[in-house]
Amino acid sequence: MPPLSRETISGVFFDWDGTLVDSFEFLHGAHNHVCAILGRPQFSLETFSGYFGQPREKLYTEIYGEHRESAKTHFENYVMANHTTGIKPVEDARNVLQYLHEAQIPCGVVTNKKTDLVRAEIRNYGWDKYFASVVGAGEAEKDKPSAAPLHLAVERAALSATPQQIWFVGDTDNDLACAAEYGARSVFIAEEEKKDAIAADYHIDHYFPHCTSFYDFLLQSGLNSIKTKDAG
-6 MPPLSRETIS GVFFDWDGTL VDSFEFLHGA HNHVCAILGR PQFSLETFSG YFGQPREKLY
54 TEIYGEHRES AKTHFENYVM ANHTTGIKPV EDARNVLQYL HEAQIPCGVV TNKKTDLVRA
114 EIRNYGWDKY FASVVGAGEA EKDKPSAAPL HLAVERAALS ATPQQIWFVG DTDNDLACAA
174 EYGARSVFIA EEEKKDAIAA DYHIDHYFPH CTSFYDFLLQ SGLNSIKTKD AG
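Our numbering puts the sequence shown at residues -6 to 225.
In case anyone wonders, no lab produced these hints; they're calculated from the structure.
Everything numeric in this text was worked out from a predicted model, so none of it was measured.
Hints should not be assumed to be uniformly reliable.
SDA-like mimics (lysine to any residue), calculated; alpha carbons at most 25 Å apart, straight line [stated by the list, open to error]:
#1 K187 with G43
#2 K81 with P202
#3 K51 with Q157
#4 K188 with E39
#5 K81 with S126
#6 K122 with H144
#7 K51 with H67
#8 K65 with N117
#9 K188 with F19
#10 K107 with E84
#11 K188 with Y208
#12 K187 with P202
#13 K135 with A151
#14 K135 with G79
#15 K135 with E62
#16 K81 with K107
#17 K135 with T155
#18 K187 with H199
#19 K122 with L211
#20 K188 with Q157
#21 K107 with F17
#22 K81 with T40
#23 K65 with R33
#24 K51 with Q35
#25 K51 with I30
#26 K135 with G11
#27 K135 with S153
#28 K187 with A170
#29 K122 with A96
#30 K188 with A154
#31 K81 with A113
Derived DEER-like restraints, expressed as beta-carbon distance ranges [to be verified]:
#32 K51 with D194: 10 to 20 Å
#33 T78 with I30: 17 to 27 Å
#34 G79 with G58: 19 to 29 Å
#35 D189 with H60: 34 to 44 Å
#36 A113 with I30: 21 to 31 Å
#37 K135 with G58: 18 to 28 Å
#38 D209 with T54: 16 to 26 Å
#39 S206 with S63: 35 to 45 Å
#40 E59 with D121: 32 to 42 Å
No residue lacks a Cβ here, since even glycine has one placed at the ideal position from N, Cα and C.
Please construct the entire structure, taking both the sequences and the accompanying hints into account.
Dropping the structure here:
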């Protein structure tokens, strides 16, 4: 892996759920809450993992079929009532964001979650200052794995950059596909077993087993050696 000090970085964009925040069990519980209301079978953690991070419309169609619109309402009601206490930042996520903030490297969020939910969570953590743009489900022409939301996030951040000067950080195959279509450098943060399962199908520029190891990499790179680009 080349040292970060040798890279010119114009911006770093992050997936949200599973990358910066630990929301898997909360979202698993939220969907089981909806299933209980609709009289549907409950999800095991293993079964739900296959849906985690999927495009919002695809997920609701596959899980709830003709009941997808009412499922959205029940899900959003549950999440709005509980998400600021049920979802926690992953370890060292704030440190990563603070490091990049001090290095004057613009950051953003690209997620398949509804924007109002993500923005509420960002405000709850006091992270507003870290993000130049936030793009949620349905804002771009297509959601991830399309690169459309990443293009929109870069545009909203007013960055002039080549694709390779953009880093995209995520934890699913959708994130890797998004980065590849855009031409961004991909940073994959997940268990090694998960990485090994998809490595043959997706290009990974930088791999870290957890956010702490990504933070360690940033620290070792040397804060003052990072070259930043004009965000105007």
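* Do the beta carbons of A113 and I30 sit within 21 to 31 Å of each other? -> holds (22 Å)
* To do: Measure nothing beyond the straight line between the CA atoms of K81 and K107; if it is 25 Å or shorter, mark the hint as holding.
  => The hint holds at about 17 Å.
* Given the hinted pair K187 and P202, is their alpha-carbon gap at most 25 Å? -> holds (10 Å)
* For K135 and G58, compare the CB-CB distance with the range 18 to 28 Å and indicate the outcome. => holds (22 Å)
* For the pair supplied as a hint, K122 and L211, is the alpha-carbon distance within the 25 Å limit? -> holds (19 Å)
* To do: Go ahead and decide if the range 16 to 26 Å is satisfied by the Cβ distance of D209 to T54.
  => Since D209 and T54 have Cβ atoms about 40 Å apart, the given range 16 to 26 Å is violated.
* Could you grab the alpha-carbon distance between K135 and G79 and see if it respects the 25 Å cut-off? => With Cα atoms ~28 Å apart, K135 and G79 exceed 25 Å; violated.
* Has the given pair, K188 with F19, been kept, meaning a C-alpha gap of at most 25 Å? -> Between K188 and F19 the Cα gap is close to 23 Å, so the pair holds against 25 Å.
* **Restraint status (C-alpha distance of K135 to A151 at most 25 Å)** => holds (20 Å)
* To do: Given the hint that K135 pairs with T155, test it: the Cα-Cα distance must not exceed 25 Å.
  => Distance ~21 Å between K135 and T155 Cα, so the pair holds.
* Does the structure keep K65 and N117 at a Cα separation of 25 Å or less? -> Given pair K65, N117 holds - Cα atoms ~23 Å apart, limit 25 Å.
* **Outcome of range test on Cβ distance (G79, G58; 19 to 29 Å)** => Holds, at about 26 Å.
In summary, the structure is inconsistent with hints 3, 14, 30, 38 from the numbered list given earlier, while agreeing with the others.
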